[in-house]
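S.K.: Chains as they are written, first to last, in my numbering: chain A, 126 to 376; chain B, -15 to 413.
Incorrect hints may have been included.
Said to hold, decoys possible - Covered stretches of chain A (chain B as the covering partner; in silico rule of three or more C-beta atoms under 8 Å from a C-beta of chain B):
#	region
1	175 to 189
2	197 to 205
3	236 to 247
What the hints assert, rightly or not - Think about it this way: if two alpha-carbon atoms lie no more than 25 Å apart in a straight line, the pair counts; the simulated SDA-like pairs of lysine to any residue are:
#	chain 1	residue 1	chain 2	residue 2
4	B	Lys212	B	Ile150
5	A	Lys264	A	Asp245
6	A	Lys264	B	Asp9
7	A	Lys264	B	Ile10
8	A	Lys264	B	Gln20
9	A	Lys264	B	Val5
These are computed hints drawn from the structure, not numbers from a lab.
Beta carbons are placed, not taken as given, at the ideal position from N, Cα and C, and that holds for glycine.
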Amino acid sequence: MAIVVLEHVTKEYRLGDHMVRALDDVTLSIESGVFLAIAGPSGSGKSTLLNVIGCIDTPSSGRVVVAGHDISGQTPDQLASLRARTIGFIFQTFNLFPVLTAAENVEYPLLQMDELDREDRRERVQAMLELVQLGKFAKHRPNQLSGGQRQRVAIARALVTRPAIVLADEPTANLDHKTGEGILALMRDINRRYKTTFIFSTHDKKVIDAADRLIGVEDGSVRILGVRKEGQWAITNVARRPATHAETATP
Amino acid sequence: MLMRLMRREELRDLAERVSRVLGRDIQLGARNIIRQRRRSAIGFIAVTAGVVAMLLAAGFFEWNYDIMREGTIRARIGHIQVVRPGYLEAGAADPFRYIIPEKTEDRALIEAFPGVDGVAPRLNMSGLISVGESTVSFLGEGVDPVREKKLSGAVRMLEGTDLSTIDAKEVTLGEGLARSLELKVGSSAVLLVSTASGGVNAVEVTVVGIFSTITKAYDDFALRMPLKTAQTLLRVNGVHSWLVLLDKTSATESMVERMREKIQAKDIVLVPWYETAAADFYNKTVSLFSKQVLVVNFMIALIIILSISSTMMSNVRERLGEIGTCMALGDSRRTVLRRFLVEGAVLGFFGGVAGTIIGIALAQLISRVGIPMPPPPGMASSYIAGIKVTPGIAFNALLLAVLTAFIAGILPAWKACRMPIADALRHAR
Chain A
126 MAIVVLEHVT
136 KEYRLGDHMV
146 RALDDVTLSI
156 ESGVFLAIAG
166 PSGSGKSTLL
176 NVIGCIDTPS
186 SGRVVVAGHD
196 ISGQTPDQLA
206 SLRARTIGFI
216 FQTFNLFPVL
226 TAAENVEYPL
236 LQMDELDRED
246 RRERVQAMLE
256 LVQLGKFAKH
266 RPNQLSGGQR
276 QRVAIARALV
286 TRPAIVLADE
296 PTANLDHKTG
306 EGILALMRDI
316 NRRYKTTFIF
326 STHDKKVIDA
336 ADRLIGVEDG
346 SVRILGVRKE
356 GQWAITNVAR
366 RPATHAETAT
376 P
Chain B
-15 MLMRLMRREE
-5 LRDLAERVSR
5 VLGRDIQLGA
15 RNIIRQRRRS
25 AIGFIAVTAG
35 VVAMLLAAGF
45 FEWNYDIMRE
55 GTIRARIGHI
65 QVVRPGYLEA
75 GAADPFRYII
85 PEKTEDRALI
95 EAFPGVDGVA
105 PRLNMSGLIS
115 VGESTVSFLG
125 EGVDPVREKK
135 LSGAVRMLEG
145 TDLSTIDAKE
155 VTLGEGLARS
165 LELKVGSSAV
175 LLVSTASGGV
185 NAVEVTVVGI
195 FSTITKAYDD
205 FALRMPLKTA
215 QTLLRVNGVH
225 SWLVLLDKTS
235 ATESMVERMR
245 EKIQAKDIVL
255 VPWYETAAAD
265 FYNKTVSLFS
275 KQVLVVNFMI
285 ALIIILSISS
295 TMMSNVRERL
305 GEIGTCMALG
315 DSRRTVLRRF
325 LVEGAVLGFF
335 GGVAGTIIGI
345 ALAQLISRVG
355 IPMPPPPGMA
365 SSYIAGIKVT
375 PGIAFNALLL
385 AVLTAFIAGI
395 LPAWKACRMP
405 IADALRHAR
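Could you build the full structure based on these sequences and the hints that come with them?
M.R.: Below you can see the structure in the form of structure tokens.
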């Protein structure tokens, strides 16, 4: 079942006097439960692609369906609510709130869920901190934590709402190799255990090797689609002007 | 019944949600303010200084109102005047129509009221005072020297002593009157008045003292003599008014109401100080200066708004990444807007509280040192002013601080919440 569907998505924006085409007629669908890497050099449009999937940017044209919701024509408030309940975000720079403790950072997205009372929230937060092995650091502020620990807090924050999709923008780029591998292993483990869809952008070969699906982006277009089966990548090269159907679904 | 219960449930639900949301907003705002100490300091100092200025300005005027009000009340008119109906309006033309008994049961009743500091009889007259070749007119008051002691707290003796006994043939003179006749303590003068029966009567008196009050116009004509002497001179038995002095000026209105219920006699009325002609000057001064305080407050508010909005503007610019993160995590624009508004208001509150504390301390310090003031128009002498910060003034200043800080946050908060999320996120560090 596809959890994300993009049809002929184009994104243009103005940079000075020029119109830049960040996404050029992208069509793809992403299955639920995958561990997908979006790879490409910087400026290739992978961040824009991730933003469009995450409903924090809207396409100039084309259709985007996320977890069954067609996002075209939705108001900013409707999109905010969709993000709050359906999508978890992990950022390259962790983006924890510096004035909140680890536990409060994790609790943050739950505050807008009226159906949860204080006790529910406390339980969920504690469970998430345990999951990322930071149970003992609940009362620490971000500046008292290492980079790896901060990213774990961010992962806990992304997962606490039990989202269908977790989006991670270069989640290991600001971490050393060993820590990055730990973070990757944690995400992979959560992906396997809870069937949460992970979509992350990267240009790191090691990170790509941890994925089971691959989308290669260049100049705003999808160039490569990859599926890994029993450790082996099956790569499909996509023509410069791709056909209307470019799927990452199992072949 | 069920409907009402439901509504109460809903209401409590709403209150719970509001307090949860606002509670978190306030907590976040306070933490952010404390974290960004240096930048918050600019806005904080602006609010604090503004509130201090506001307190000192308003407190200074308040002190002056106070002195003026208490001076008028305690030197001349008392808190409540008990007179014949119409005396205050027409008494000057036909003073003998408005005589009331010196003592009645009602007077005893009023004296027994808790909160009444004393009741002093007054007999007013106008006449001529002669010394040698010169004769000028005067406005005289027959007073009970013993009872008058309390009432005349704001009558300052410049030379000599106050009146001694109720029937002594002596007078005290207002500063201006004494000067115009070149009278000194110990000299004698002749008073000439028309009596109740239409004749003319005169008495020779000794000047025992020269006084001044806060009202120059009064001191230029005023003369005080013992009540019995005045009664003999005018050939009347009664008095024109009983002046009632209270413990607290603020209690005047309620005391008047309670006394009116108890009073037996139908032909006397109770007039509170603020309805008398003598209070007119006070009332007009207060309304004039209150307008000026308003202008001062308006300018202070403007300064607070400008400095807080610049603080909040750079706050928003520096926290774009955080704003983007909030919105990515599902916060609506409204939430972001509200959070920055609350943060501004919290900053205003912090600054306001600090300003109030500093302002009150400064007011006390300045009052202790004193502000030398020149004689104001219509008043007799220079004086040392102080600053009086009432709870009302402090509350207004605090409210103004919070409100202006809130208003100052509107534009920055609006900019923050309209930011495209992807752009805002690019600023994350």
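S.K.: If a hint holds in the structure, say so; if it doesn't, say that too.
M.R.: These are the hints, each one checked on the structure:
1. Here the region 175 to 189 of chain A counts 4 residues with a CB under 8 Å from a CB of chain B, which clears the bar of 3, and the coverage holds.
2. Proximity of the region 197 to 205 of chain A to chain B, defined as three or more residues with a beta carbon under 8 Å from a beta carbon of that chain, is established by the 3 residues found.
3. With a cut-off of 8 Å between beta carbons, the region 236 to 247 of chain A has 3 residues touching chain B; three or more are needed, and the interface restraint holds.
4. A threshold of 25 Å between alpha carbons decides the hint, and for lysine 212(B) with isoleucine 150(B) the separation of about 6 Å falls inside it, so the pair holds.
5. Between the alpha carbons of lysine 264(A) and aspartate 245(A) the distance comes to roughly 18 Å, so the proposed pair stays at or under 25 Å and holds.
6. Between lysine 264(A) and aspartate 9(B) the alpha-carbon distance is near 19 Å, which keeps this suggested pair within the 25 Å criterion.
7. Annotation: proposed proximity of lysine 264(A) to isoleucine 10(B) holds, straight-line Cα distance about 20 Å (limit 25 Å).
8. Of the supplied pair hints, the one linking lysine 264(A) and glutamine 20(B) holds, its CA atoms being roughly 20 Å apart against a limit of 25 Å.
9. Simply put, lysine 264(A) and valine 5(B) have alpha-carbon atoms about 21 Å apart, close enough for the 25 Å limit, and the pair holds.
Consistency note: the structure conflicts with none of the earlier hints.
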